[in-house]
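Enquirer: Residue-level listing of the chains:
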Amino acid sequence: MNLVRFVLARVGFSAFVAVIAAAFALPLLWLILAPFHDQATLSVSLPTNPTLDNFRAVFDNQFAVRALFVNSMIQAAGAMVLTTLVATLGAYALARIHLPGRDVFVYVLILFSSVVTGSAAMVPVFLLIFRMGLIDQHLGVILVFTGGLLPVALFIMRDFMQSIPRSYEESALVNGANQWQMLRDVVLPMTRSGMMVIGIWAFVNVWGSFLIPFILLRSPDKMPAATATYSFYTEAGTPVITLISAYALLYVIPVLVLYLFVNWKYGFQFFGGIKS
Amino acid sequence: MANVRFESVTKRFGDVAAVDAVDLDVHDGEFVCLLGPSGCGKTTTLRLIAGLETATGGTIRIGDQDVTRVGPKDRDVGMVFQDYALYPHMTLLENIAYPLKVRGAKLAARSERTREVARNLQIEHLLDRMPGQISGGQQQRTSVARAVVHKPRVFLFDEPLSNLDAKLRLEARAFLKRLQRELGVTAVYVTHDQAEAMALADRIAVMDQGAIVQIGPPLEVYRAPRTTFVADFLGSPPMNLIPVRLQDGVLRNDAFALPAPRHLRDLGRHEGQDLSLGVRPEHLELCDPGAEHAISGETFGLEPLGPETLVSLDVGGTLVVVRVFADEPPRLEGDAHVRVDAEHLHLFDGDGVRID
Amino acid sequence: MPSTHQDSTILTRRTGLTLLAPTFAFIGLFLLFPFVWVVAISFTDRTLLGAAAADPQFIGLDNFRQLFDFDSWMRSGEFGRSLVLTVYFVIASLIGQVFLGLGIALAFHRRKGFLRETIFTLVTLAWILPEAAIAFTWTSFLDPNGTLNTALGAVGLTRPDWLLDAPMASIVMFNVWRGTAFSMLLFSAALGNVRPSYLETADVLGANAWQRFRDVLLPMIKAQLATALILVTLWTFNVFTPFLLTQGGPAFQTDIMAIHTYRIAFRYFEFGQGSAIAVIVMLINFVLAGVYLFALKRGEGAR
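Protein chains in written order, with our numbering: chain A, 1 to 276; chain B, 277 to 632; chain C, 633 to 935.
By construction, these hints were calculated from the structure, which means they are not laboratory data. Check each hint, because a few of them may be wrong.
Unchecked claim - Restricting the straight-line Cα-Cα distance to at most 20 Å, the calculated cross-link-like pairs of lysine to aspartate or glutamate (DMTMM-like) are:
(1) B:382 to A:185
(2) B:427 to B:392
(3) B:377 to A:185
(4) C:929 to A:103
(5) A:265 to C:749
(6) B:427 to B:304
(7) C:929 to A:159
Make the full structure from the sequences, and use the hints.
Expert: This is the structure in structure tokens:
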């Protein structure tokens, strides 16, 4: 009886795992294999004549290359730097000065940012950016992303800052440093790993996001890879599957690398519902 | 170098006075220990000198300068923190040289002075290491080096030995004392360890509930504690305190009657009052039952410690500890008797204040 | 003791506020201001171009009246219809993600090794890889000749044109696939905190797998379960990614709220109307977030 139950449990477990593995692996597997086919394929299969021609064709397409290596890079790196900088300084102040309602502040921000979100928030944000004359500008995209990512970044950074003993800063002051020297020489170097986490998280978020550049950018030479990929397979008439899949694979690689890096260095940490 | 002077300094956190109208004068070149239990205000006092807390009231002077409203960076003090606070991202050289760097010293001068201090503290060979790569004792020395490198006017220690194990602590204690004598720098040292304070200090300031209860040279404080609090805090094991009543010049208790010591001139005023009789364990000696003024008790326990044995006696409901210096623990069972010379008796009134 | 020294002199108020200034600027400009402004616009007839762009008129509650015009609001492509579709989408996604996430977390509870690492990595990648690339791979996955149909054909099942014949099912499937990682990671972290001795006690008492789950594990992850339910609801309600698969079609069959808002505001450039929708959406978000905080507060005692 026990043996029957044991066998059934093993079989059930194996079947469940097999279905899950297949369901999650197949779409990803296609993304990895399709670019190496010489002829378009929509189904997962090993390429019979593996080729790199598709990647060569992608690199011949100036619009595609610019979107991926210039525009996406500018926007993701810009928002990464700005978010990390603003959040680090702000979170440090929140962790160390006494303001009334300081502890509630961050929670209210998180709450607010989960209310003002998605395409609903884009209605006034678009008009704001329009007024600022930043439509179709990298800066507009960077600013909007930073505003959106900031609450969560503040939340994580503040937690991180509060875990640093005050005696480091106190010793800097007693040693004769002024507030800015203390910040530059002691606080910022000691928060490097926190800044790294926030930076990677912000980069990956911006790199992969579609809606904000889709709404705020007009001209093809400003588009990041997110909207470029989309325009390839919807507006190019009959999409050239091999080319787009090669492009999509290139587009995915930085995130893949960063994921592996974070997983290796910190373990894929979990901050209460936030991708990192 | 300079003296440190507190004039009626108060520090409040909300409704609580962590430091309550404290007067304190640390002389030039003197080593003063602030001693007391946790929460007594000793650390806050130290942080007030460093400028890490701002006084709610009163005046703080370092040398001729009124520093009450001066920030920590302009007080020109050196401080060793309990957790050392060595910057983990800097080498020992960079750590020690940091006070010189923020004061704008040139790289060469910085390096030379740092090496000099490091040599003195015997950590010169470690200067390229990171703080995480050295032992606790070495970290402690590095932190001392950083505090002295710019020749501060005052040297502050916040329980610097509490993170070391017992053996290292003794070593570091001797080392610190020698260093302070050599440098001749004014030092204020916070600790809750009475042995540390006794060993290091020129003067000990015993603190309780935000106030200095007694200040004086270690042996003076030890020999003539001003209150029962001080008597209880200094010495290990602490002074025995036995409730007695003064009647007709005799100290009476259910277990004994002793003639009041004659050297206490103020005793007359306390006739008929309940008092505390204080005797240090080392001043009690075992005696025969018939000895003059013998105190009788029942043996409670024996703790042989090697060179000495602690004997606890139940004397009329109060536990009294006797320190017996002998290679062999005394054989005791049942009733035991002790005596004490009158000159070693301390008396405290109903409020716990010493009677002279 | 130093830890209670809240008003320590480390950072002066002036320096602190200087450091906070950029934060306040961003929050004010991109979070508070839009929130207030969108409410104001919703009472006007604002458009992007033309007369109503330069000089929008106050029209009171007209925009809202139009949304809730009960004669027409259930028509295909209208606001009410979109709400209904969104409810379907959210509930189906919620059930799928939470059950699947819990299932994976339970299946690998107290297991380690290659298989667990592989599955967790795959599921997590599905979550964090760029949405445009993922949507593209799914377009081909769901294609009549795609991998899904090849697999279905191999076991002798019908091969529909998913995005045309079952668009809602398609985007639900897609959304579950993309979002399961969150529940999985949340639950597996929660289960990791359950002390093994509790389970061993249950084993000794002779509990079967179901009893063990119901009586030991479930009570310990209740707080996380509530968190997952509400957060997934909030996110799914606002998710725009299905647009990349169906553009809300065919024939508005996948015109969920986020896509509907986008269409009114950025395709038709009816900003007044779009703002009114945005206000309603944010109100719903507000209620969901409020429920979340309430649950969190109550859950704190349970943890």
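Enquirer: Mind checking the alpha carbons of residue 265 of chain A and residue 749 of chain C for me, to see if they're no more than 20 Å apart?
Expert: 15 Å, holds
Enquirer: Between the alpha carbons of residue 427 of chain B and residue 392 of chain B, is the straight-line distance 20 Å or under?
Expert: It holds: about 12 Å lies between the C-alpha atoms, which stays within 20 Å.
Enquirer: Would you mind confirming whether the straight-line C-alpha gap from residue 929 of chain C to residue 103 of chain A stays at or under 20 Å?
Expert: 15 Å, holds
Enquirer: Given the proposed pairing of residue 377 of chain B with residue 185 of chain A, does the C-alpha separation stay at or below 20 Å?
Expert: Status holds; Cα separation ~11 Å.
Enquirer: Does residue 427 of chain B pair with residue 304 of chain B here, judged by a C-alpha cut-off of 20 Å?
Expert: 14 Å, holds
Enquirer: Hinted pair, alpha-carbon criterion (20 Å max): residue 382 of chain B, residue 185 of chain A. Please report holds or violated.
Expert: It holds: about 17 Å lies between the C-alpha atoms, which stays within 20 Å.
Enquirer: Holds or violated: residue 929 of chain C with residue 159 of chain A, Cα cutoff 20 Å?
Expert: 19 Å, holds
The structure fails none of the hints (numbered hints given earlier).
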